[in-house]
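A.B. asks: Okay, here's what each chain looks like letter by letter:
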Amino acid sequence: MERRDILKLAAALTGSAMLSPLTSSLLYASVNDASAGTLNRTPAFFSKEVYAQLTQVMDVILPRTDTPSASDVKVPSIMDNMFNKVFKHGYRDEFLKRFALLQGYLAEQNFASADADAQLSIIKGIEAKSYNKQDPVYRAYIDLKQQTISYYLATEEVAEKHLNYLPIPVQYIPRISVKEVGGKAWAE
Amino acid sequence: MNTKFDAIVIGSGISGGYSAMELCKKGYKTLMLERGRMVEHGDYPTAHLDKWDLPNQGNVSLEEKEKHFFKQDKLAWWVKEDVKHFINKDDEYPYDEDEPFAWIRGHHVGGRSVMWGRHCPRWSDIDFEANKKEGIAVDWPIRYADIEPWYDYVETFVGIAGQPEGLKQAPDGKFIAPFPLNAAEVNMRAAVRAKYPDRVVTPCRTANLSEYNPEVHLGTRGQCMARNRCKRGCPFGAYFSTQSATLPVAKDTGNLTLKSDAIVMEVIYDKVLKKASGVKVKDANTGETTIYEARIIFCNASTVGTAAILLNSRSETFPNGLGNTSGELGHNLMDHHYRMGASGTLEGLEEEYYKGRRPKGFFIPPFTNIDDRTRQKDYIRNFSYQGAASRVTNSPDGVVGPELKDAILKPGKWRINMECFGEILPYHENRMYLNFDKRDKNGMPIITFDAKLRENEIKMREHGVKCAIEMLEAAGCTNIRGRNLLSESAVGACIHEMGTARMGHDPNTSVLNKWNQMHDVPNVFVTDGACMTSAGTQNPSLTYMALAARAVDYADKQIKARKL
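Residue numbers (my numbering), protein chains in the order written: chain A, 1 to 188; chain B, 1001 to 1564.
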């Protein structure tokens, strides 16, 4: 049985749902090394090259720590699917154009061959361009960052194990303290 | 199947459900006709799904939208994977537009009562008197005192969570406990009221059972579980819908016959008796037509659906549509207009949070043009707001890597968003009509819309956005963004169509009398949005239900007095 089904059952039986912020790295131990799997997958929309670059940047934005990395929870593949199925053509073309500029910038910085610390400082360098929000490299990067975060938080793995997940809250309480929920945000 | 009934109700949405239930409770053998498919209570396939269970993060693919939802998707937020099975496919249900119109609907038992917004403010005499005072369209034939007891009656059964405020422009109802404001909203309420005493931030008046009382909330109802997945259908019966409330109560009387996949083509007029004798129905699956007869007929097929049926009901006596001596049938088409408002970030309150997903946020009732003191020189009528404060995703600028991961798992800053809903005036020129030269697959003439926002609405929008920004400033917000998306505000987009068979005193200028009864054909009643003489700014379903219950009570008394 899936964890959410257990929660639903518990709620149905007891009239109240369990509330458990789970950050333990023990839980994470069950996650397989998904990064390699993600890269081996043939993207439906992006070229293999763009997809590999996206994945690399995403994993610098959200690297593996005691919680999974972006590619561990298949964020690159989610994004590929959104471009393949959902986004309008105009936006898709625009994104690819801007992303090519980001790729050019990363190549200049030797991003692909840099070690993890150096990659992080290259990305921080792009973040520092925020004084000019129209800079195409910055725009391509920020778009990627926002999508990465959004898809990451909406994965079952992250929502159920690393956020506060309550499929059936039972009751709305207008004011609680953040401490009461272990400092964690609610899953959507 | 029996084809003779005491009463026929056309449509099974929020007002059709209410009409049918009241008729059944009074002992009338009632046939409820629904053109769409059957949806049983509990037949809500996405009710328990999470975002990751749905394809494409809950988004419908571009290909599917282009094929099936090219008009319904005019509302960028509406066609989603979790509700698409309750939304009409445009390739199956076409309509035409002289001016852009968003006719958003779902043909199935329960209609839009399954997906509705559930906010239920009452009308006041400020609304009922406005047409007469301003010389706009025609006078409403009723006032607040006429409908007040029916609001009481309906609200008690429906269960409206709300907070009394004692406002003349938004009379308090028979409320159950509200879904209270959260910390940011409590502060906002105080700050806004201190600077603008007429502007009241109060919880939405929502048809969700914050308190479930099985003695009163009959049907298959239950306590709200704070999931905020209402529009997918609630397996707990916690919000009011045809399926959860009026249908089970009507069925329990033993007087209801419900027929789905039954397309009403026309209402049949008997020129000898000077009454409607029944309706002609086409079976959506077999194409077979049947005539059902009844003593009284309630039209609740929705504002546009009802007008289309009546316009298609042409006879020697009524060559331009049943009950259309006035020529007003299909005209005075209204909606509310929105896609305007503002949002802002509220710093602080970092230790404050909430638990559960409440079904509705806050409501700010109208505060302009509610009396001489608040009179505006640029526009007449007014607007209200709905909104919410919530903690958004924590995605700080300049932060990446392990630090960012820590951040995004924590609650972000408070963001307050408010959407403005404005009144549209009843312009005779705003209308829908039938194109008899073009037919749909059932042989029905194609409905065509010709309606637009005009100067008064456009002026009002500017002020609505300005006031939203002012309130966010008063609340202490930063990074405030106002919006006025006129191009996304086609009439219909608010899904509150009204006015195509208006009530009025005079048979020469209106279709219905003060009892929602046709001036021309006394055994035909219209108690859906078509009856509205003006639009107000209130979400209209509560008023439709109150008028439906009132009209059934009147019809029953007339029948018992042998006048009908």
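Incorrect hints may have been included.
[What the hints assert, rightly or not] Heads up, simulated SDA-like pairs for lysine to any residue below, C-alpha to C-alpha not over 25 Å straight-line: (1) K184/A / D1053/B; (2) K48/A / A118/A; (3) K124/A / K1084/B; (4) K1413/B / D143/A; (5) K133/A / R1415/B; (6) K1051/B / K133/A; (7) K124/A / D1397/B; (8) K48/A / P1055/B; (9) K1355/B / I176/A; (10) K1410/B / V86/A; (11) K1438/B / D1198/B; (12) K1133/B / A1191/B; (13) K1084/B / V86/A; (14) K1051/B / A118/A; (15) K184/A / K1084/B; (16) K1089/B / V86/A.
[To be verified] Which stretches of chain B does chain A cover? Using the computed rule of at least three CB atoms under 8 Å from a CB of chain A, they are: (17) 1061 to 1072; (18) 1221 to 1230; (19) 1356 to 1365; (20) 1373 to 1383; (21) 1534 to 1541.
Think of the hints as simulated: they come from the structure by calculation, not from any bench.
The structure displayed is predicted, hence computed values, not measured ones.
Even glycine gets a Cβ: it sits at the ideal position worked out from N, Cα and C.
A.B. asks: Next, verify each hint and record whether it holds.
C.D. replies: Taking the hints in turn, this is what the structure says about them:
1. K184/A / D1053/B: holds (22 Å)
2. K48/A / A118/A: holds (24 Å)
3. K124/A / K1084/B: violated (41 Å)
4. K1413/B / D143/A: The hint holds at about 20 Å.
5. K133/A / R1415/B: holds (21 Å)
6. K1051/B / K133/A: violated (30 Å)
7. K124/A / D1397/B: holds (10 Å)
8. K48/A / P1055/B: Answer holds: K48/A to P1055/B is near 23 Å, not above 25 Å.
9. K1355/B / I176/A: holds (7 Å)
10. K1410/B / V86/A: violated (29 Å)
11. K1438/B / D1198/B: Status violated; Cα separation ~51 Å.
12. K1133/B / A1191/B: Since the Cα atoms of K1133/B and A1191/B sit roughly 34 Å apart, the hinted pair is violated (cutoff 25 Å).
13. K1084/B / V86/A: holds (15 Å)
14. K1051/B / A118/A: Measuring from Cα to Cα gives roughly 35 Å; hence the hint is violated.
15. K184/A / K1084/B: Cα-Cα ~32 Å, so violated.
16. K1089/B / V86/A: At roughly 18 Å apart (the allowed maximum being 25 Å), V86/A and K1089/B satisfy the hint.
17. 1061 to 1072: With 3 residues close enough to chain A, the hint holds.
18. 1221 to 1230: It holds: at least three residues are needed, and the stretch 1221 to 1230 of chain B offers 4 whose Cβ sits within less than 8 Å of chain A.
19. 1356 to 1365: It holds, with 3 qualifying residues against the three required.
20. 1373 to 1383: violated (count 0)
21. 1534 to 1541: Answer violated; 0 residues pass the 8 Å Cβ test.
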